[in-house]
Amino acid sequence: MAKSPKATRVLPNQDHLTSNAFVTLEAAPAASRISLRASPRGAAAFAKNIGFDLPAKPSTSKSKSGVVALWLGPDEWMVFSESEPEKSLQPRRDHREYSATDISHRNTAYIVSGSGAQATLNSSCPRDLSQATFPVGACSRTILGKAEVILYRTGKEKFRVECWRSFAPYVWGLLVSGAQDANL
Amino acid sequence: MLLIHCPYCEADHPELEFANAGEAHIVRPREMSNMSDEDFEAMFFIRDNPKGVSLERWRHVHGCGRFFNALRHTVSDTFLKVYKAGEARPSNDEIAKLIK
Ligand SMILES: [Zn+2]
Numbered sequence: 002m003a004k005s006p007k008a009t010r011v012l013p014n015q016d017h018l019t020s021n022a023f024v025t026l027e028a029a030p031a032a033s034r035i036s037l038r039a040s041p042r043g044a045a046a047f048a049k050n051i052g053f054d055l056p057a058k059p060s061t062s063k064s065k066s067g068v069v070a071l072w073l074g075p076d077e078w079m080v081f082s083e084s085e086p087e088k089s090l091q092p093r094r095d096h097r098e099y100s101a102t103d104i105s106h107r108n109t110a111y112i113v114s115g116s117g118a119q120a121t122l123n124s125s126c127p128r129d130l131s132q133a134t135f136p137v138g139a140c141s142r143t144i145l146g147k148a149e150v151i152l153y154r155t156g157k158e159k160f161r162v163e164c165w166r167s168f169a170p171y172v173w174g175l176l177v178s179g180a181q182d183a184n185l
Numbered sequence: 004m005l006l007i008h009c010p011y012c013e014a015d016h017p018e019l020e021f022a023n024a025g026e027a028h029i030v031r032p033r034e035m036s037n038m039s040d041e042d043f044e045a046m047f048f049i050r051d052n053p054k055g056v057s058l059e060r061w062r063h064v065h066g067c068g069r070f071f072n073a074l075r076h077t078v079s080d081t082f083l084k085v086y087k088a089g090e091a092r093p094s095n096d097e098i099a100k101l102i103k
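Chains A and B are the protein sequences, given in the same order. Counting in this note's numbering, the first sequence runs from 2 upward without gaps. Counting in this note's numbering, the second sequence runs from 4 upward without gaps.
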């Protein structure tokens with residue numbers, strides 16, 4: 002019997018990397034991701050799978066041992082992990098009061114870092130990303146140009162930009178031109 | 004850019020993240036098939052278009068995703084009040100106080 006071929010997964014932004022004096026743009030490594038919708042009871046049940054409570058305050062995040070949970074809405078979170086990208090975070094036992102959907106390959110992400118990171122994002126995102134309103138650990142769904150993205154501030158000068166896989170070339174284009182502006 | 008307060012995010016966010024979703028507090032009847040054509044037309048198509056305070060549904064579509072209600076002044080575009088979906092319509096007295 003012929004050996005069945007193994008599919009090779011290719012990130013849409015695999016080779017994307019550029020930098021100037023103020024900002025570095027790069028593709029984030031592959032990650033496993035869950036889109037979670039849950040009632041308060043469902044959220045408590047899901048928390049047992051990841052070993053920590055989901056963030057309850059708007060626009061905040063929590064993380065433990067490489068697993069990150071981002072608050073997106075009163076009953077919605079994105080949970081992701083880069084530590085074992087091929088292993089789904091999908092819980093083995095489901096619960097009636099939550100819906101956990103694997104979106105590992107629906108999304109892809111960029112890392113924007115450097116003293117010009119905020120200026121780069123603000124070239125096409127209308128959000129106030131100053132540290133007073135968007136501190137380290139803050140996260141939110143918002144828009145970048147016409148693309149919906151999730152921003153997550155991982156450091157004073159470091160952001161993670163999650164976008165839909167098919168939007169990656171568009172988002173990359175905006176980030177590259179934003180980085181050029183930040184370098185002026 | 005207009006900043007709109009989202010009652011679920013508990014913060015002011017740029018208008019580009021929001022979508023207007025029509026007039027608020029329209030009561031959809033349970034038995035639409037029993038309605039007269041005139042009543043159906045009034046319920047389904049006819050909307051207020053006030054020069055002044057408009058009660059509207061909005062959705063924080065590129066944010067938390069939630070629908071909520073807002074009182075917006077149609078002349079100045081000022082958002083006088085926002086409140087969560089399901090909360091009671093502000094009384095006319097309260098609305099009158101807000102525009103003063
Ligand atoms: Zn919101």
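The hints are simulated quantities; they were obtained by calculation from the structure and are not laboratory data. It is possible that some hints are incorrect.
[Stated by the list, open to error] Here are the simulated lysine-lysine pairs, DSS-like style, with alpha carbons at most 30 Å apart:
1. A:58 / B:54
2. A:63 / A:88
3. B:103 / B:87
4. A:49 / A:63
5. B:103 / B:84
6. A:65 / A:88
7. B:103 / A:63
8. A:49 / A:147
9. B:54 / B:84
10. A:159 / A:7
11. B:87 / A:58
12. A:147 / B:84
13. A:4 / A:88
14. A:147 / B:103
15. A:63 / A:4
Since we're looking at a predicted model, the values are computed, not measured.
Okay, the hints, checked on the actual structure:
1. Of the supplied pair hints, the one linking residue 58 of chain A and residue 54 of chain B is violated, its CA atoms being roughly 37 Å apart against a limit of 30 Å.
2. Proximity of residue 63 of chain A to residue 88 of chain A is assessed by CA-CA distance (about 20 Å); at most 30 Å being required, the pair is judged to hold.
3. A hinted pair counts as satisfied when its Cα atoms are at most 30 Å apart, and residue 103 of chain B with residue 87 of chain B qualifies at roughly 23 Å.
4. For the suggested pair residue 49 of chain A and residue 63 of chain A, the alpha carbons sit about 14 Å apart, so the restraint of at most 30 Å is met.
5. Restraint check for residue 103 of chain B and residue 84 of chain B: satisfied, since their Cα atoms lie roughly 13 Å apart, inside the 30 Å limit.
6. With a CA separation close to 17 Å, the supplied pair residue 65 of chain A and residue 88 of chain A stays within the 30 Å bound.
7. Among the hinted pairs, residue 103 of chain B with residue 63 of chain A is inconsistent with the structure: their alpha-carbon atoms are about 43 Å apart, more than 30 Å.
8. Distance check on the hinted pair: residue 49 of chain A and residue 147 of chain A sit about 37 Å apart at the alpha-carbon level, beyond 30 Å; violated.
9. For the hint linking residue 54 of chain B to residue 84 of chain B, the alpha-carbon distance of about 17 Å falls within 30 Å, and the restraint holds.
10. A C-alpha spacing of about 36 Å is found between residue 159 of chain A and residue 7 of chain A, which places the hinted pair above 30 Å, so the restraint is violated.
11. For the suggested pair residue 87 of chain B and residue 58 of chain A, the alpha carbons sit about 16 Å apart, so the restraint of at most 30 Å is met.
12. Of the pairs offered as hints, the one joining residue 147 of chain A and residue 84 of chain B holds, with about 28 Å between alpha carbons and a cut-off of 30 Å not exceeded.
13. Our distance criterion of 30 Å between C-alpha atoms is met by residue 4 of chain A and residue 88 of chain A, whose separation comes to about 23 Å.
14. Taken as a hint, the residue 147 of chain A and residue 103 of chain B pair is broken in the structure, with Cα atoms around 38 Å apart against an allowance of 30 Å.
15. Among the hinted pairs, residue 63 of chain A with residue 4 of chain A is inconsistent with the structure: their alpha-carbon atoms are about 43 Å apart, more than 30 Å.
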